[in-house]
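Please take these sequences and the hints and turn them into a complete structure.
Going down the list, the sequences are from chains H and G. The first sequence: position 154 = 154 (this note's numbering), numbered continuously. The second sequence: position 157 = 157 (this note's numbering), numbered continuously.
Since the hints were made in silico from the structure, they are not lab data. One or more of the hints may lead you astray.
What the hints assert, rightly or not - With a Cα cut of at most 30 Å, we get these calculated BS3-like pairs of lysine-lysine:
#1 G:54 / G:189
#2 H:114 / G:23
#3 H:23 / G:155
#4 G:114 / H:30
#5 H:46 / G:155
#6 H:16 / G:54
#7 G:155 / H:33
#8 G:215 / H:33
#9 H:53 / H:16
There are 2 protein chains.
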Amino acid sequence: MKNQKPLLTILKIGGKLVEDEQKLNYILQKFAKIKGRKILIHGGGKAASTWSKKLGITPNMIDGRRVTDAATLEVVTMVYAGLYNKKIVSMLQAIPCNALGLTGADLNTIQSHKRVVKDLDYGYVGDIDFVQTSIIQQLLNNHITPVFCAITHDKNGQLLNTNADTIASKLASALAPFYHITLKFCFEKNGVLKNPADDDSIISKIDYQDYQKYKTDGIISDGMIPKMDNAFSALNSEVEQVYICGVDAIHQNAGTSIKL
Amino acid sequence: MKNQKPLLTILKIGGKLVEDEQKLNYILQKFAKIKGRKILIHGGGKAASTWSKKLGITPNMIDGRRVTDAATLEVVTMVYAGLYNKKIVSMLQAIPCNALGLTGADLNTIQSHKRVVKDLDYGYVGDIDFVQTSIIQQLLNNHITPVFCAITHDKNGQLLNTNADTIASKLASALAPFYHITLKFCFEKNGVLKNPADDDSIISKIDYQDYQKYKTDGIISDGMIPKMDNAFSALNSEVEQVYICGVDAIHQNAGTSIKL
Chain H
1 MKNQKPLLTI
11 LKIGGKLVED
21 EQKLNYILQK
31 FAKIKGRKIL
41 IHGGGKAAST
51 WSKKLGITPN
61 MIDGRRVTDA
71 ATLEVVTMVY
81 AGLYNKKIVS
91 MLQAIPCNAL
101 GLTGADLNTI
111 QSHKRVVKDL
121 DYGYVGDIDF
131 VQTSIIQQLL
141 NNHITPVFCA
151 ITHDKNGQLL
161 NTNADTIASK
171 LASALAPFYH
181 ITLKFCFEKN
191 GVLKNPADDD
201 SIISKIDYQD
211 YQKYKTDGII
221 SDGMIPKMDN
231 AFSALNSEVE
241 QVYICGVDAI
251 HQNAGTSIKL
Chain G
1 MKNQKPLLTI
11 LKIGGKLVED
21 EQKLNYILQK
31 FAKIKGRKIL
41 IHGGGKAAST
51 WSKKLGITPN
61 MIDGRRVTDA
71 ATLEVVTMVY
81 AGLYNKKIVS
91 MLQAIPCNAL
101 GLTGADLNTI
111 QSHKRVVKDL
121 DYGYVGDIDF
131 VQTSIIQQLL
141 NNHITPVFCA
151 ITHDKNGQLL
161 NTNADTIASK
171 LASALAPFYH
181 ITLKFCFEKN
191 GVLKNPADDD
201 SIISKIDYQD
211 YQKYKTDGII
221 SDGMIPKMDN
231 AFSALNSEVE
241 QVYICGVDAI
251 HQNAGTSIKL
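See the structure below:
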């Protein structure tokens with residue numbers, strides 16, 4: 001028999017879903033109907049690049065990660081924490097779902113440090129040290145739905161750009177002692193694809209051994225690798241269910257189920 | 001004998017103070033040291049104009065009020081709710097002061113409606129209908145410091161640009177039944193000036209009769225008029241102390257005291 005931990009759904013939605021208002025509305029309607037406690041994390045990377053260009057700043061990406069100089073940090077803070085976070089919160093409130101938009105700085109929910117420079121200097125990018133679970137539990141107990149964007153802080157006054165998949169994974173890991181968690185990484189495809197050219201070639205289940213093989217075979221590559229690593233990291237911290245899936249899998253366990 | 005309502009300080013800081021990082025740091029250090037419950041409201045209008053111009057949008061101001069078309073609403077949401085609100089929250093957390101950045105959409109704290117078009121169409125500008133005092137009281141009771149920016153929503157999914165002085169006044173009025181409130185409108189001068197050219201010509205006290213006379217004489221004009229109206233509106237709602245003052249009056253009751 002399972003113990004009496006409450007259920008918690010943590011949904012991460014990718015930037016391409018956030019930037020299409022019609023899709024976003026469809027997703028938020030579904031998200032709001034999830035029973036029980038829930039947390040939303042959103043990206044917005046494509047829009048950050050668009051706004052950067054409008055402002056004459058050339059986006060600098062290395063292996064799908066944004067190099068964040070001071071000017072780019074201003075842009076991502078504006079786009080993630082301002083434009084998209086508040087659009088999502090206002091749309092959720094209309095449904096209604098009592099949303100609260102957060103960066104890691106708000107209530108000191110997620111503390112990170114500026115990534116240590118080894119070969120590459122990613123600039124103002126944060127690696128997460130600490131999730132303050134007590135305040136997040138208080139919010140959830142009060143039927144508040146936290147909506148996190150991809151910005152954290154170092155508790156010394158510095159905001160830091162932080163990968164939204166990683167935020168979702170770290171939140172799930174930190175909250176796993178208190179909840180039965182389902183973590184879903186929701187993106188524009190319906191799951192991890194065996195053949196990138198065939199949207200129907202969804203792999204229904206991937207365990208750690210499969211993952212290694214798929215990487216060797218080049219079936220899983222590029223941006224899917226950090227997403228998979230975040231999924232396994234959560235599973236290793238006792239998060240019970242992890243999916244990489246499309247928007248139609250918000251209410252059902254479809255897409256690719258990730259297992260240890 | 002006063003009843004046992006707790007003290008609450010509501011501080012509004014003007015855009016010119018927010019945009020100078022050194023000044024902002026000085027103010028936040030002082031703000032964090034205010035004893036008891038406190039709420040911060042910040043502007044950012046000058047920066048919104050700067051960012052608008054960078055994006056090729058010409059700011060359109062009528063009587064000091066920003067006409068907010070759809071593109072301008074995106075800019076003010078990014079600049080107020082993103083850039084400045086999160087910079088302030090991260091700086092306060094470093095002091096430390098447990099800040100939570102909010103728009104009116106977050107937790108549905110401040111609900112407004114799009115201003116009705118009479119002679120002028122201000123676009124996506126909100127006139128406040130409702131402050132949800134219960135959730136703000138819960139935050140304050142949990143030693144959380146709300147930091148509001150100048151964005152509200154209509155509860156139908158529409159964000160609205162809303163004057164920060166008005167937000168401060170409406171918050172104070174709505175919370176007056178529960179707290180002994182001191183409301184300070186803090187800006188780049190040290191008070192209301194008798195002679196705009198002389199920074200030392202501070203009027204120490206203005207009552208409603210004085211205000212009418214100063215308006216007739218042209219001593220109080222332009223942007224100071226809505227600020228004064230917001231001050232009197234709060235006093236009429238049982239807010240106990242209202243000041244228009246400079247940053248050095250955060251810890252003492254200096255500047256211009258407004259009285260009924």
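Comparing the hints with the structure gives:
no., hint, in the structure
1, G:54 / G:189, "holds (28 Å)"
2, H:114 / G:23, "holds (25 Å)"
3, H:23 / G:155, "holds (20 Å)"
4, G:114 / H:30, "holds (27 Å)"
5, H:46 / G:155, "holds (28 Å)"
6, H:16 / G:54, "holds (25 Å)"
7, G:155 / H:33, "holds (18 Å)"
8, G:215 / H:33, "violated (54 Å)"
9, H:53 / H:16, "holds (17 Å)"
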